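Protein chains: 4
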Amino acid sequence: MGMVGGGKDAFIGAIHRIAANMDGLIELSCGALSINPEIARASGKMLFLPEERTYLTYEEMIQKESVLPEDQRIDFVTVVTPNFAHFAPAIMALDNGFNVVIEKPMTFTLDEAKRLKQKVEETGLQLCLTHTYSGYPMVKQARHMVQSGALGNVRKIMVEYPQGWLSRLSEREGNAQAAWRTDPTKSGKSGSMGDIGTHAAHLAEYISGLKITKICADLNTIVKGRALDDDGNVLLKFDNGASGVLVATQIAAGEENALKIKLYGENGGLEWAQQEPNTLLVKWLDQPMQVLRAGSNYTAFLSSYATQNCRTPGGHPEGYLEAFGNIYRNFALTLQAKLEGKEPEKEALDFPGVEDGIRGMAFIDSVVASNHSNTKWTDFTI
Amino acid sequence: MGMVGGGKDAFIGAIHRIAANMDGLIELSCGALSINPEIARASGKMLFLPEERTYLTYEEMIQKESVLPEDQRIDFVTVVTPNFAHFAPAIMALDNGFNVVIEKPMTFTLDEAKRLKQKVEETGLQLCLTHTYSGYPMVKQARHMVQSGALGNVRKIMVEYPQGWLSRLSEREGNAQAAWRTDPTKSGKSGSMGDIGTHAAHLAEYISGLKITKICADLNTIVKGRALDDDGNVLLKFDNGASGVLVATQIAAGEENALKIKLYGENGGLEWAQQEPNTLLVKWLDQPMQVLRAGSNYTAFLSSYATQNCRTPGGHPEGYLEAFGNIYRNFALTLQAKLEGKEPEKEALDFPGVEDGIRGMAFIDSVVASNHSNTKWTDFTI
Amino acid sequence: MGMVGGGKDAFIGAIHRIAANMDGLIELSCGALSINPEIARASGKMLFLPEERTYLTYEEMIQKESVLPEDQRIDFVTVVTPNFAHFAPAIMALDNGFNVVIEKPMTFTLDEAKRLKQKVEETGLQLCLTHTYSGYPMVKQARHMVQSGALGNVRKIMVEYPQGWLSRLSEREGNAQAAWRTDPTKSGKSGSMGDIGTHAAHLAEYISGLKITKICADLNTIVKGRALDDDGNVLLKFDNGASGVLVATQIAAGEENALKIKLYGENGGLEWAQQEPNTLLVKWLDQPMQVLRAGSNYTAFLSSYATQNCRTPGGHPEGYLEAFGNIYRNFALTLQAKLEGKEPEKEALDFPGVEDGIRGMAFIDSVVASNHSNTKWTDFTI
Amino acid sequence: MGMVGGGKDAFIGAIHRIAANMDGLIELSCGALSINPEIARASGKMLFLPEERTYLTYEEMIQKESVLPEDQRIDFVTVVTPNFAHFAPAIMALDNGFNVVIEKPMTFTLDEAKRLKQKVEETGLQLCLTHTYSGYPMVKQARHMVQSGALGNVRKIMVEYPQGWLSRLSEREGNAQAAWRTDPTKSGKSGSMGDIGTHAAHLAEYISGLKITKICADLNTIVKGRALDDDGNVLLKFDNGASGVLVATQIAAGEENALKIKLYGENGGLEWAQQEPNTLLVKWLDQPMQVLRAGSNYTAFLSSYATQNCRTPGGHPEGYLEAFGNIYRNFALTLQAKLEGKEPEKEALDFPGVEDGIRGMAFIDSVVASNHSNTKWTDFTI
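Protein chains in written order, with this note's numbering: chain A, 8 to 389; chain B, 8 to 389; chain C, 8 to 389; chain D, 8 to 389.
Hints are not guaranteed to be accurate.
One copy or two, either will do: identical chains are not told apart, so a pair holds if it fits within one copy or between any two.
Said to hold, decoys possible - Within a straight-line C-alpha distance of at most 20 Å, the following computed DMTMM-like cross-link-like pairs (lysine to aspartate or glutamate) qualify:
#1 15 / 30
#2 52 / 78
#3 196 / 283
#4 349 / 180
#5 52 / 347
#6 349 / 82
#7 267 / 283
#8 124 / 362
#9 126 / 362
#10 231 / 180
#11 231 / 273
#12 267 / 278
#13 218 / 180
#14 231 / 246
#15 52 / 30
#16 52 / 34
#17 267 / 293
#18 231 / 128
#19 221 / 78
Calculated directly from the structure, the hints in this document are not laboratory data.
The structure displayed is predicted, hence computed values, not measured ones.
Bound-form chain A, shown alone (with noise of 0.2 Å):
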């Protein structure tokens, strides 16, 4: 694994780091670290990295891991920059022949979201997008209970992702990470939305199994002097009739990273909190509630997507680390088999990627479209 940005003190890139290494499958070889080449030196020093594979540009990177021996060149490369430079080394690393894992949004425009998928299918590499909460275990098994007819057709979603961490202007306060999440020329045209509306949504979709259609969305920019929205409530349609409430907001004092989902069907519903992922609340109609865990004894009743994305028994709680590893180790059982000339288990296939990516920036387009409407319904055109 190469990585581009991440370097020290970065958030994110700290995080693909730790899950990329949980499982000792993938090893962090080489590194353009930081636009800044101090950065970039003292960072590849801090991690270990040989000099000669510190890299002081992304380019750089690619070209020279392009031509090592295979034996020795990386397999694919991380891109966890900022939103507006995403596009750039995942094309580059494509073309190069490299896999890919990027930060979600996937790129700055919904264009360029199109162009890369188109780049994509050209190469027939992998493309993996960290929509890190589709690889808790718990997240999975709720897909697959809807997905194997228990709960009945979905009905209703409500998703939520309250957040506090904007409550104040923390971007004139030396706040880093909100200096650029909140600043449309690095983010894009939505910060909430952008930020963790796509997150929700795109959890929304994968458990569901369903399609947003029309959106009626009411955005907000609560903290005076902020760039982008810090707030959004979305009316939701789905492709089944189903409707939704979907609210991400930054301004939620006091709150962490409480993204939550409850889903009903026919038959019952579900709930499944961030914060206590071990957890899955199946709400019956006729029959008392149950109570989900990961990594539990009563393997019958879970999905092999759960079991396979945990490693500990029961009450062992595996936490956002964890799950994140579990999107990583996908991909990294996806590409062995690949090189190995083996079809992927389906488990391991079980990462987001590239069309999801497509979704996440036609769902911030959509929002934005929708909140400059007087109209109460847009439709999710891609």
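Dock chains B, C and D against the given chain A, drawing on the hints supplied.
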């Protein structure tokens, strides 16, 4: 107290009686308990009413009670009939000098509500509307904390009221509650919004002290064959510019009575859930969350509105019936004070009244109008 | 009902009145509410008692009531005085033909308890002991599930009752409750074990259907200057060989009334917590945990003992007062059936009685004996 | 790092590897992964170990590694064999200049433990004992809060560790974990107390800063045919006079890994549950409970021991593997500092060591002795 409606097997009538009974301040003295004379008589007997005060119609009850000597006749009439039959007995009671307790929604139409308000103002009598949830001590505490300014300006409100009991076409399966509540000739122009959406809207306004000014509603009739909406999602704007989301649904299979509110201000947020009503979560931007509990000994942290609406020390859970009882008790204490020519305590005056009833009916009207409109925002008008 | 003790400002007297009042089956008709004549009179007035039935001593009350015509006099006497003053009024009431409700612990000494039992047997009258917690519907459900054999043989019971209200020397700071409850001349030979340990022991025996046979106790007086123990840890053996742990403490600073029980059988376990009483967790060895909820519509999963002790549908929380009310209601239904010459329903007969009172007093004796012993196990003897 | 034991399919070996891997500070360089040569070789291959460093015995590993050049050889040996096979490789590692990580309980007997301590002192090397639960940030926070005096003098500790996985005679059903852990020749003289009771005792002493001085134990072998106790209840006395209760059981059917501790001081209490490890409840005598959360932004309320053992911001749940990783990371940082001739940071030095191992073995001895004694209290002796 004389009761109109609420014969044996009626749900809400029995609740009103327990609530009224609880504190030994109110006695059920007479009733017109059913339009079916046999049920009326049997119910009166079951409730130990004397035969001569077991009336067969509300007209008879109000007329006969009004000519009893002052020390014998009732002080107020409680109306617990289906929505369409609220207005007539309430008006007649007021016209004959009786105070009134009435179930929500207050009337069948907004116009009736306005006429009732006029009558209340003319007569100077008291009308109490049983928006039960505002009777909980921790709801009062939440209101107090917002009023005190501790949370700063309110920015966002999320209120949801999922129930699952109408997930099937129960109105065709002999469920009497379901039958009238899904019948537009008895219930009014909205199902989910009239029955529970009004509770959610009242709770949001009660706690925040704000008023809803704009609405964007999506109502759905999920269960085929049903005559009224059983599900709805609503975007809200409040008079201080805050935004909100309100969900009321009766097809959330597996949910009981899961009314929940989250409110966020500049400095922190509040969370209260009806199914665990003795707890109020107070989430601070810069310090650990606090868990405020009803009945606790740390009275310096609690409003007098919270402490005076508890009957037991912390850890002795009080519930729905006690909240309901608080509304009756405060109403009774207010009447008592008035009878004694005193000014009621401010805590006793804290029960929902005719103005809340007007706003509830206007909420239903606005939501239904918005649902039929293609324009995003509909003004909340009275 | 006539009440002995429970004048204004008494804690438990007010609770008894609300509980008795709740269902409209019982009327407070007279009282000897305080040994202080002024308080007795003022309390009677506050409770709307007629002057001629506001007695100054229990002797007067029982004597005068016993000569009233049958249709006017009370059916039972409720004794809510401090522990040392339970026995005399209870015996006198029985001797005069009145049934009795009595607070726990039933008497001051085990000997008194035995004499009371003898009197109950002689007179054929009913004695009801208000072990409140056995009135909760989900406690009854737990008992039923054990009895049904669903969990297999019971192996282990963990019951804890932490309170924090005696963390300071409150008895010296004007706290009347603390004063008598920590005074061995009023409370009995144990503080923590008499006041709350007996509740915990009763709950364990009630749910499990087992009897404690051996005890190993460690009692502590944590707060300096206190005259009775305020903390205790007890190892238990039950008559089927199961083992257990019981903790009762009043110095658990920050705890409210956190009675909780966990019971494990061969096939699964149960967990119930008084502070969230409408929920019973059912943990299965080989399948997901189920969450049983009071008032739920899935009545096939619930015992009639659970369903008949609820007043509201699922999601309308009932609490401590309703549990207390269940004890009064079942007692009243039993008396009513007897008065009508009928056999009471089996669910109505499910209230604690004189045998439970005997075991409670024996528990206190055994725990205190064990605490003074250097031998590990002390037999639980009656 | 070189690993002794932990071949494929071993539970705890895999956990150690993930934990060691997590932060990129430690590399698995060699192993003697099984006493079965085929499994040893296959496991080495699976873990990408070079063939020449895939050893067949620990003796071979330690010998060959000790003669490698300093920059190639391992820094420490991790011993993850069953309990009876801890001592020999640990002693040999120390004798050959390697630091040691070792699973708990540290040895098979207290005598071995004492000899190991002597060896550690002689060699001046580091020994790290993986009492995982002390690696959680909120456990460290709890310890810090006690040390700070905020809670006042500690009065009572309740610690429980219920598991259900040995509810059946699994050791006869091919469960390898169950087989050795219930075998006195491999596990030691106690089952439940050696396997999980030692964790509970360590947690109580770690958080409270107190030492157990007296024990009264009741051990049970619940499942017929089992050779060791699978359940135990213990009364405790601590060196400041505080009392406590410790429960460790493996037959609590339906429980996962439900380690939980409650500790009460003069001014308040703490509660921490391993299955929701990012939350620490702080219960105050005179103010609302606070909920402290790992990774939160209110760092003024958090100890540096808590903040430095988190990898992610609040709301990104970390779990068991991260807690385990903290122990490895702190150990690695300590070794690193020593190698660089620096004094390790105080937070890095906070990992369990040989003294904790001694106390764990003495705990097992004392509990077993108490269980066989008819005297109530047995001294905790080393």
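Consistency of the hints with the structure:
no., hint, verdict
1, 15 / 30, "between (22 Å within a copy, 14 Å between copies)"
2, 52 / 78, "between (23 Å within a copy, 18 Å between copies)"
3, 196 / 283, "neither (31 Å within a copy, 37 Å between copies)"
4, 349 / 180, "neither (52 Å within a copy, 35 Å between copies)"
5, 52 / 347, "between (33 Å within a copy, 16 Å between copies)"
6, 349 / 82, "within (17 Å within a copy, 38 Å between copies)"
7, 267 / 283, "both (10 Å within a copy, 17 Å between copies)"
8, 124 / 362, "within (7 Å within a copy, 57 Å between copies)"
9, 126 / 362, "within (12 Å within a copy, 60 Å between copies)"
10, 231 / 180, "within (14 Å within a copy, 52 Å between copies)"
11, 231 / 273, "between (44 Å within a copy, 12 Å between copies)"
12, 267 / 278, "both (7 Å within a copy, 15 Å between copies)"
13, 218 / 180, "neither (39 Å within a copy, 34 Å between copies)"
14, 231 / 246, "between (37 Å within a copy, 18 Å between copies)"
15, 52 / 30, "between (23 Å within a copy, 15 Å between copies)"
16, 52 / 34, "both (15 Å within a copy, 16 Å between copies)"
17, 267 / 293, "neither (24 Å within a copy, 23 Å between copies)"
18, 231 / 128, "neither (43 Å within a copy, 43 Å between copies)"
19, 221 / 78, "neither (48 Å within a copy, 62 Å between copies)"
Of the numbered hints listed earlier, those contradicted by the structure are 3, 4, 13, 17, 18 and 19.
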